[in-house]
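Visitor: Chain by chain, the residues:
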Amino acid sequence: MNNDYVISVQGLTKRFGHFTAVDNISFDVKRGEIFGFLGANGAGKTTAMRMLCGLSKPTEGKATVAGFDVYTKNEQIKKNIGYMSQKFSLYEDLTVKENIRFYAGIYGKSDQFIRQKTEIVLQQLHLTNEANKLVGSLPLGWKQKLAFSVAIFHEPGIVFLDEPTGGVDPVTRREFWNMIYEAAANGITVFVTTHYMDEAEYCGRISIMVDGKIEALDTPTMLKQKFEARSMDEVFLKLARKASRSDN
Amino acid sequence: MKPVIIDHIVKSYSSKKDKVVAVDDLSFEVEQGELFGIIGPDGAGKTSMFRVMATLLVQDSGKALIDGFDTVKDYKAIRQRIGYMPGRFSLYQDLTVEENINFFATIFNTTLNENYDLVKDIYSQIEPFKDRRAGKLSGGMKQKLALSCALIHKPSVLLLDEPTTGVDAVSRKEFWEMLKKLKKQGITILVSTPYMDEAGLCDRIALVQNGKLLSLNTPEGVTNSFDKPLLAAKSSDMLRLLKHLKAAPGVVDAYPFGEYHHIVLNKNYNRPELENYIINGQADAEIIEAAPNIEDCFMNLMKN
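Residue numbers (the numbering used here), protein chains in the order written: chain A, 1 to 248; chain B, 1 to 304.
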């Protein structure tokens, strides 16, 4: 497999009994790319993401993430990726600093690395004065930005973001995307899902899943041309309206 | 008498260490048959406000009247008159579709048959699955069942707390179609959402942030009150363009907006000077006029 690809997927399939949640999907994601993974509720996004994060074994097909095989090297995958879920996942009753130390410790980072990088991250987030405050007392927007910084603290090659901006105010949403751009510029590959169609425009390439299959995969500009649509919202509606199944 | 009168409501939550003011002196009134949107991000106080209106939470101060009844004194009368759909799915997962709807009908001393006309459009879509347990329904079907249950006693005011959060773009459009049909039947509807693009579907909207009202108007009224010139620009390197725009002459604010970056300008900015500056930094930049939408307005109000 090509070394430029951080994610490489061929014919990946997951069945639950007679139900094919993910149906023979194939795609590659390049290093430093921002890859948007879109689809209606129930299209199979979460199942596909779980397989790529090493949390669920595929039924068929091949996939490597950060160079590791999803069947045999799933523990290595977990060590080499970052993950941020749509549900806020930091500990509200630990301080900002304690959360960072806890997660970095899980990833096996040295005390010295943690100490030095914590200072840098707190400065970037303008949270130096809040370092010893409980995370639960921070406004939501700050929590989401902190959660992202924690997800990439151990400097993974790739970070998976599952609806990171749901319910976040429009200003913070944009600050969040700024952080995504910076991370990508530093060589971290970003794999992101969202329900905000304006955010789809910020991705380098986008795949759209319908009923377990990838129905479209291209840059936002090319997708709009191909589907004769003015916006990504229109592209998404044209594709997702064809879906026969829906679920959460 | 207006169906909903909210008069200087304050609601705070205290713990040993700190106090959070969730609703900070909020006032608004809703007209009969109006589709009224409360728009704001998480933490704006939307759910607290809905829980006060639904008589499930008592405010610290202020007054809320539903159909002329006081939410504190006359809570029993109000509960007969409102339909409330909380943000989290709260029907009985281990009862079937039909059992859920019959349960709610019975609580309100009515039957499905009696008000079938009202819920027909929505309920008929899930009726083929009436023997399925609610917990086994898809997200879209759960939403339809919850809405049917909230409507079964023919409420005069319908309170929908974030019905479309986490729902994909297609299902969101379908849900708003249903609301438009309900509005035609004369029901007053209050709906909250964090999605700014849904604001345009309401008759009037309240933009809220940190428990406070930023603006209260029709969607057109809100966008018409945007008080600065707005342009949009794109180029082959959007990140560099954004940094460049932020430092440009006459620019108050610049931020990504889908395919383009939006540029908020001083009233007396000089367009040729600005265009020169942009093209000098990014030769392939394209600059066009832009019309502000609700999200531009919300950000402008947030930053003021």
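Don't read these hints as lab results, they were simulated from the structure. Don't take every hint at face value.
[Claimed, not checked] Partner residues are not named here, just some residues of chain A that face chain B (Cβ under 10 Å, in silico): (1) ASP4; (2) GLY11; (3) GLY42; (4) LYS62; (5) ALA66; (6) LEU94; (7) GLY141; (8) GLU163; (9) PRO170; (10) ARG173; (11) ARG174; (12) ASN178; (13) GLU182; (14) ALA200; (15) PHE227; (16) ASP233.
[To be verified] Below, in silico cross-link-like pairs of lysine-lysine (DSS-like), each with a Cα-Cα straight-line distance of 30 Å or less: (17) B:LYS19 to A:LYS242; (18) A:LYS224 to B:LYS243; (19) B:LYS142 to A:LYS238; (20) B:LYS184 to A:LYS242; (21) A:LYS87 to B:LYS184.
Note that CB positions come from ideal geometry on N, CA and C, so glycine has one too.
Visitor: Each of the hints needs a verdict: does it hold here or not?
Guide: How the hints compare with the structure:
no., hint, verdict
1, ASP4, "21 Å, violated"
2, GLY11, "26 Å, violated"
3, GLY42, "6 Å, holds"
4, LYS62, "29 Å, violated"
5, ALA66, "24 Å, violated"
6, LEU94, "15 Å, violated"
7, GLY141, "8 Å, holds"
8, GLU163, "7 Å, holds"
9, PRO170, "5 Å, holds"
10, ARG173, "9 Å, holds"
11, ARG174, "5 Å, holds"
12, ASN178, "8 Å, holds"
13, GLU182, "9 Å, holds"
14, ALA200, "8 Å, holds"
15, PHE227, "14 Å, violated"
16, ASP233, "6 Å, holds"
17, B:LYS19 to A:LYS242, "49 Å, violated"
18, A:LYS224 to B:LYS243, "26 Å, holds"
19, B:LYS142 to A:LYS238, "24 Å, holds"
20, B:LYS184 to A:LYS242, "29 Å, holds"
21, A:LYS87 to B:LYS184, "37 Å, violated"
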